[in-house]
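So the protein lines, in turn, are chains X and L.
Residues in the first sequence are numbered consecutively from 3, following this note's numbering.
Residues in the second sequence are numbered consecutively from 3, following this note's numbering.
Honestly, I wouldn't trust all of these hints.
Which copy? The list can't say, so a pair holds if one copy fits it or any two copies do.
[Claimed, not checked] Below, in silico cross-link-like pairs of lysine-lysine (BS3-like), each with a Cα-Cα straight-line distance of 27 Å or less: (1) Lys284 with Lys7; (2) Lys259 with Lys312; (3) Lys263 with Lys236; (4) Lys72 with Lys284; (5) Lys284 with Lys195; (6) Lys72 with Lys195; (7) Lys271 with Lys72; (8) Lys263 with Lys284; (9) Lys236 with Lys195; (10) Lys312 with Lys36; (11) Lys284 with Lys259; (12) Lys271 with Lys312; (13) Lys36 with Lys195.
No wet-lab data here; the hints were simulated from the structure.
Just so it is clear, the structure is predicted and the values come from calculations on it, not from any experiment.
Below are the chains, spelled out letter by letter.
Protein chains: 2
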Amino acid sequence: MGLAKEILQGDVRATAKLMRDVEDGLPGITEELKILYPHTGGAHIIGITGSPGSGKSTLVDVLVDTFRSKGRTVGVVAIDPSSPFSGGAVLGDRVRMQRHAMDEGVFIRSLATRGWHGGLSRAAATVINIMDAMGKNVILVETVGVGQAEVDIMSFAHTSIVVLVPGLGDWIQTIKAGILEIADIFVINKADKEGANELAVELQAMLRLNAYPAEAWRPKILLTEAINEKGVDKLVEEIYRHREFIAASGRYDAHLKDKVKLELMEVLKGSLMDRVSQMINKDDYLQRLVDDLANRRTDPYSAASEIIEKLLRTLD
Amino acid sequence: MGLAKEILQGDVRATAKLMRDVEDGLPGITEELKILYPHTGGAHIIGITGSPGSGKSTLVDVLVDTFRSKGRTVGVVAIDPSSPFSGGAVLGDRVRMQRHAMDEGVFIRSLATRGWHGGLSRAAATVINIMDAMGKNVILVETVGVGQAEVDIMSFAHTSIVVLVPGLGDWIQTIKAGILEIADIFVINKADKEGANELAVELQAMLRLNAYPAEAWRPKILLTEAINEKGVDKLVEEIYRHREFIAASGRYDAHLKDKVKLELMEVLKGSLMDRVSQMINKDDYLQRLVDDLANRRTDPYSAASEIIEKLLRTLD
Numbered sequence: 003m004g005l006a007k008e009i010l011q012g013d014v015r016a017t018a019k020l021m022r023d024v025e026d027g028l029p030g031i032t033e034e035l036k037i038l039y040p041h042t043g044g045a046h047i048i049g050i051t052g053s054p055g056s057g058k059s060t061l062v063d064v065l066v067d068t069f070r071s072k073g074r075t076v077g078v079v080a081i082d083p084s085s086p087f088s089g090g091a092v093l094g095d096r097v098r099m100q101r102h103a104m105d106e107g108v109f110i111r112s113l114a115t116r117g118w119h120g121g122l123s124r125a126a127a128t129v130i131n132i133m134d135a136m137g138k139n140v141i142l143v144e145t146v147g148v149g150q151a152e153v154d155i156m157s158f159a160h161t162s163i164v165v166l167v168p169g170l171g172d173w174i175q176t177i178k179a180g181i182l183e184i185a186d187i188f189v190i191n192k193a194d195k196e197g198a199n200e201l202a203v204e205l206q207a208m209l210r211l212n213a214y215p216a217e218a219w220r221p222k223i224l225l226t227e228a229i230n231e232k233g234v235d236k237l238v239e240e241i242y243r244h245r246e247f248i249a250a251s252g253r254y255d256a257h258l259k260d261k262v263k264l265e266l267m268e269v270l271k272g273s274l275m276d277r278v279s280q281m282i283n284k285d286d287y288l289q290r291l292v293d294d295l296a297n298r299r300t301d302p303y304s305a306a307s308e309i310i311e312k313l314l315r316t317l318d
Numbered sequence: 003m004g005l006a007k008e009i010l011q012g013d014v015r016a017t018a019k020l021m022r023d024v025e026d027g028l029p030g031i032t033e034e035l036k037i038l039y040p041h042t043g044g045a046h047i048i049g050i051t052g053s054p055g056s057g058k059s060t061l062v063d064v065l066v067d068t069f070r071s072k073g074r075t076v077g078v079v080a081i082d083p084s085s086p087f088s089g090g091a092v093l094g095d096r097v098r099m100q101r102h103a104m105d106e107g108v109f110i111r112s113l114a115t116r117g118w119h120g121g122l123s124r125a126a127a128t129v130i131n132i133m134d135a136m137g138k139n140v141i142l143v144e145t146v147g148v149g150q151a152e153v154d155i156m157s158f159a160h161t162s163i164v165v166l167v168p169g170l171g172d173w174i175q176t177i178k179a180g181i182l183e184i185a186d187i188f189v190i191n192k193a194d195k196e197g198a199n200e201l202a203v204e205l206q207a208m209l210r211l212n213a214y215p216a217e218a219w220r221p222k223i224l225l226t227e228a229i230n231e232k233g234v235d236k237l238v239e240e241i242y243r244h245r246e247f248i249a250a251s252g253r254y255d256a257h258l259k260d261k262v263k264l265e266l267m268e269v270l271k272g273s274l275m276d277r278v279s280q281m282i283n284k285d286d287y288l289q290r291l292v293d294d295l296a297n298r299r300t301d302p303y304s305a306a307s308e309i310i311e312k313l314l315r316t317l318d
């Protein structure tokens, strides 16, 4: 039996194996992914972003518990390099995570920000789809949300949560960097710290200035202390409220189209570059081009044209 | 006369125009870039990365002054969305920047992290090359250095500076995120703040634990107060020391090969995706594919194969 069929039956080992194969860029994975694709679309994908130190990993941890206590199965995709889910944890955090390792209803996968065959956005899309096809009800995607790839990944989510924290002094920069536009829910975590209320008031004023269309979703600001599990139930309620809103307003379909388009472009870029890589890594061809470029005997534009023509001839 | 020839004569308006054309993806730019390419390679490219709030924009500002006072011409490429160079400045910062606007020896260009035709890394490579060809001696590239594109961009630099700041609490995460490996020089900015010396000691201990090969460059830790212009002369000395080291050790050539290879792959990816975009945006073709994907009538892998085959037929 193929991996895909085992995954559709909820097999955890087959799921982990396919993800490893995807990471390594093994041949044959596309056939498995094709089988899984029609079974995707059922999961509620939730993106959680915030700077390192905002406590968003702890928040993800408590969210996993909360969704589990409601009988939902959960996938976690950790793209934040500092997240305990991706191994970059201090000891205390890592111990917290171990609890989930014993729970069959939770599947955790971390993606390093480098080294993924075919780029981070494609990897994230694939891992989300596999978790979706294996039947996870909720998929939590944790990113640092600063770079281009990370913002792309947030756009895979139905519901986007931006985590801020008092006193880090970077929230104005975060807002300016366009995070405001992607947030469906703002969370001020570590709400027991000095400045939490001031931050909430300031952010509220900023949101009031923003000209939302009448029928648009208006993001709420919630205060949490994830480490003491405070405020997380309210957050889950708000997540459900947002899900109902996008379903009722037809935004779910618009989101789906954006998501599949982004996915298609990522797969396409990956397939094309795979074919190119195979070709140029043969017979020192790339090495010779690089030497010519370094010595300014050619330029990257002429070299790229040469490669494309060669590619087309090869594939005739 | 074409833009490229004007740029080679140092024409600022032609330079700004070509960069705008590149941003908009206008046709004909490749011919200009081909003319410029043989004139690149003279500039010393310096990458400066750090989290928002680390004061790296102020540091860049003071570095510009210092290099100018030594008679060097300077280019600045700001990729940090919170940088005053890219418009995301509080008023005080913006006033500081205006001084440079009057100086013919300084050329400043910001890149938004989104919206660049063909992706951020390609845009950065192109803008750096144009500044290099126009004859700038030093090019300062400022990034937030967290995402994949930003780390790629840092690899264009001959000398990479990582800016840390006491009390932001995120430096361990930063180090874990792999910034340690790319740093040639560490700067602890805002060195008058509490905790600066402790941070230096901790970082020094970490560097001592790192197994550098005997012939490798060993990064130094420098303390600065950019806002008071303290410590920046020492930093510039260290930058020159690093430049001499890489030239003497043959690392300059190795770096050049890495840089042109990355550049080539970016241009290649861009060219291929340009051709694809032109094709799929005709006759609602993409729209139909997206509908099929959204309704799970096809999958992204089959759709990508279909597009690639169509592409090959079109270009026959």
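Taking 27 Å as the upper bound on the Cα-Cα distance, should Lys263 and Lys236 be classified as within, between, both, or neither? neither (33 Å within a copy, 50 Å between copies)
Between Lys236 and Lys195, at a C-alpha cutoff of 27 Å, which is it: within one copy, between copies, both, or neither? Classified as within; 19 Å inside a copy, 38 Å across copies.
Regarding Lys284 and Lys195, is the shortest C-alpha distance of 27 Å or less found within a copy, between copies, in both, or in neither? neither (58 Å within a copy, 55 Å between copies)
Within a copy, between copies, both or neither: which one fits Lys36 and Lys195 at a CA-CA cutoff of 27 Å? neither (48 Å within a copy, 56 Å between copies)
Measure nothing new, just compare the shortest in-copy and cross-copy C-alpha distances for Lys284 and Lys7 to 27 Å and report within, between, both or neither. neither (35 Å within a copy, 37 Å between copies)
At most 27 Å between alpha carbons: which applies to Lys271 and Lys72, within, between, both or neither? Classified as neither: same-chain Cα gap 39 Å, cross-chain 45 Å, threshold 27 Å.
With identical chains treated as interchangeable, where does the CA-CA distance between Lys271 and Lys312 reach 27 Å or less: within a copy, between copies, both, or neither? Result: close both inside a copy and across copies, 18 Å intra and 15 Å inter.
Checking an output row: Lys259 and Lys312, CA cutoff 27 Å. Within, between, both or neither? Between copies only: 22 Å across, 34 Å inside.
Intra- versus inter-copy proximity for Lys284 and Lys263 (alpha-carbon distance at most 27 Å): Between copies only: 15 Å across, 32 Å inside.
Could you place Lys312 and Lys36 in one of the four classes (within, between, both, neither) given a Cα distance threshold of 27 Å? Between. Shortest inter-copy distance 20 Å satisfies the 27 Å Cα cut-off; intra-copy 29 Å does not.
If the cutoff is 27 Å on CA atoms, where do Lys72 and Lys195 land: within, between, both or neither? Let me know, please. neither (30 Å within a copy, 47 Å between copies)
Have a look at Lys72 and Lys284 and pick one of within, between, both or neither, based on CA distance no larger than 27 Å. neither (54 Å within a copy, 47 Å between copies)
Going through the hint list in order, the structure does not satisfy hints 1, 3, 4, 5, 6, 7 and 13.
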